[in-house]
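Colleague: The primary structure of each chain is shown beneath.
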Amino acid sequence: SQQGEEDPQALSIQEGENATMNCSYKTSINNLQWYRQNSGRGLVHLILIRSNEREKHSGRLRVTLDTSKKSSSLLITASRAADTASYFCATGDISSGSARQLTFGSGTQLTVLP
Amino acid sequence: DVKVTQSSRYLVKRTGEKVFLECVQDMDHENMFWYRQDPGLGLRLIYFSYDVKMKEKGDIPEGYSVSREKKERFSLILESASTNQTSMYLCASSAPGSSYEQYFGPGTRLTVT
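Chains as they are written, first to last, in our numbering: chain A, 1 to 114; chain B, 115 to 227.
Simulated from the structure, these hints should not be mistaken for lab results.
There are no misleading hints in this set.
Under the rule of at most 20 Å between Cα atoms (straight-line distance), these lysine to any residue pairs were calculated in the SDA-like manner:
{"no.": "1", "chain 1": "A", "residue 1": "K69", "chain 2": "A", "residue 2": "E53"}
{"no.": "2", "chain 1": "B", "residue 1": "K117", "chain 2": "A", "residue 2": "I47"}
{"no.": "3", "chain 1": "B", "residue 1": "K117", "chain 2": "B", "residue 2": "E186"}
{"no.": "4", "chain 1": "B", "residue 1": "K167", "chain 2": "B", "residue 2": "K185"}
{"no.": "5", "chain 1": "A", "residue 1": "K26", "chain 2": "A", "residue 2": "K70"}
{"no.": "6", "chain 1": "B", "residue 1": "K127", "chain 2": "B", "residue 2": "I191"}
{"no.": "7", "chain 1": "A", "residue 1": "K26", "chain 2": "B", "residue 2": "R158"}
{"no.": "8", "chain 1": "A", "residue 1": "K56", "chain 2": "B", "residue 2": "E215"}
{"no.": "9", "chain 1": "B", "residue 1": "K117", "chain 2": "A", "residue 2": "L46"}
{"no.": "10", "chain 1": "B", "residue 1": "K132", "chain 2": "B", "residue 2": "S122"}
{"no.": "11", "chain 1": "B", "residue 1": "K117", "chain 2": "A", "residue 2": "H45"}
{"no.": "12", "chain 1": "B", "residue 1": "K117", "chain 2": "A", "residue 2": "R41"}
{"no.": "13", "chain 1": "B", "residue 1": "K132", "chain 2": "B", "residue 2": "I191"}
{"no.": "14", "chain 1": "B", "residue 1": "K117", "chain 2": "A", "residue 2": "G40"}
{"no.": "15", "chain 1": "B", "residue 1": "K185", "chain 2": "B", "residue 2": "P210"}
{"no.": "16", "chain 1": "A", "residue 1": "K26", "chain 2": "B", "residue 2": "G154"}
{"no.": "17", "chain 1": "A", "residue 1": "K56", "chain 2": "A", "residue 2": "T20"}
{"no.": "18", "chain 1": "A", "residue 1": "K26", "chain 2": "A", "residue 2": "P8"}
{"no.": "19", "chain 1": "B", "residue 1": "K169", "chain 2": "B", "residue 2": "R158"}
{"no.": "20", "chain 1": "A", "residue 1": "K26", "chain 2": "B", "residue 2": "L155"}
{"no.": "21", "chain 1": "B", "residue 1": "K169", "chain 2": "B", "residue 2": "V138"}
{"no.": "22", "chain 1": "B", "residue 1": "K117", "chain 2": "A", "residue 2": "N38"}
{"no.": "23", "chain 1": "B", "residue 1": "K117", "chain 2": "A", "residue 2": "V44"}
{"no.": "24", "chain 1": "B", "residue 1": "K171", "chain 2": "A", "residue 2": "D93"}
{"no.": "25", "chain 1": "B", "residue 1": "K184", "chain 2": "B", "residue 2": "P210"}
{"no.": "26", "chain 1": "B", "residue 1": "K117", "chain 2": "A", "residue 2": "R36"}
{"no.": "27", "chain 1": "A", "residue 1": "K26", "chain 2": "A", "residue 2": "E53"}
{"no.": "28", "chain 1": "A", "residue 1": "K26", "chain 2": "B", "residue 2": "D173"}
{"no.": "29", "chain 1": "A", "residue 1": "K70", "chain 2": "A", "residue 2": "N30"}
{"no.": "30", "chain 1": "A", "residue 1": "K26", "chain 2": "A", "residue 2": "T64"}
{"no.": "31", "chain 1": "B", "residue 1": "K185", "chain 2": "B", "residue 2": "Y217"}
{"no.": "32", "chain 1": "B", "residue 1": "K171", "chain 2": "B", "residue 2": "S194"}
{"no.": "33", "chain 1": "A", "residue 1": "K26", "chain 2": "B", "residue 2": "G172"}
{"no.": "34", "chain 1": "A", "residue 1": "K56", "chain 2": "A", "residue 2": "R36"}
Just chain B, same shape as in the assembly:
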């Protein structure tokens, strides 16, 4: 079974803090994704990566950056957390040449106060 894990289920941070969200997958997938999920808005793609050290902006990259130093790990960084970044963050991975099926982690609910 594919397993995607995220470093925290719940996280509370203060405005202005630098926040790291970690995601690890164990299936040797090339593609990894970070989404945020807000009520009524569905999932919105923040960043994705199709290879080590490669990254592409999604639909809402502002205020975020990412790092992919190893194939299995994809980190989302909030450089200076703001209250409007309070959200559920979901990481996913998929295999290349697949039919796009994505495997998701359990999510991190981030609250910025």
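Next up, chain A with everything else stripped away, as it sits in the complex:
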């Protein structure tokens, strides 16, 4: 079942601008993660935020989490053409078993124009 829903589905910006992507989910979570996927490749983990955290930074990435609204946002500052990729949120549900499976959303396609 699909848990996270990203918004927008596609985003096109100019190099140097900030990009914001949103994710909504439905159940109680242990943590929320963001992944990046370059065209035709596997996913790469970007950042994880735990359910008791509200904001986290990593380089040009800023993630916020609002558990009351069951939503998260990923902000990429000062974007570069190399940031062009699909971005997925994934939730680790409290109810998941020992394998700690994640539930992924359908992704936001970000295009950064030079």
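Assemble the complex: chain A is given as a structure, and chain B must be docked to it using the hints.
Modeller: Same frame as chain A, now just chain B:
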């Protein structure tokens, strides 16, 4: 660095063939996963395994089976390939007791004709 490898980047098979997709990880991870990815649908979990010889169905197991005889290797089997199984297949692994972070292979784009 964790490395997850998949046996093929591109694969073309005929309807009705038995297809094996292999995944190997080199970080001694207990957990391994198989997903398929289709446009607009994101990643959907087919099967996962949390130990050798253990397997659990994901959200879309129909038409697939898996095998985990060794800790580092997790195979996805399409018993009789059909055109609706044309997709990108992604393998991932994660460590136990971790915060669920998964490491992905490069993917296998399977076309069934």
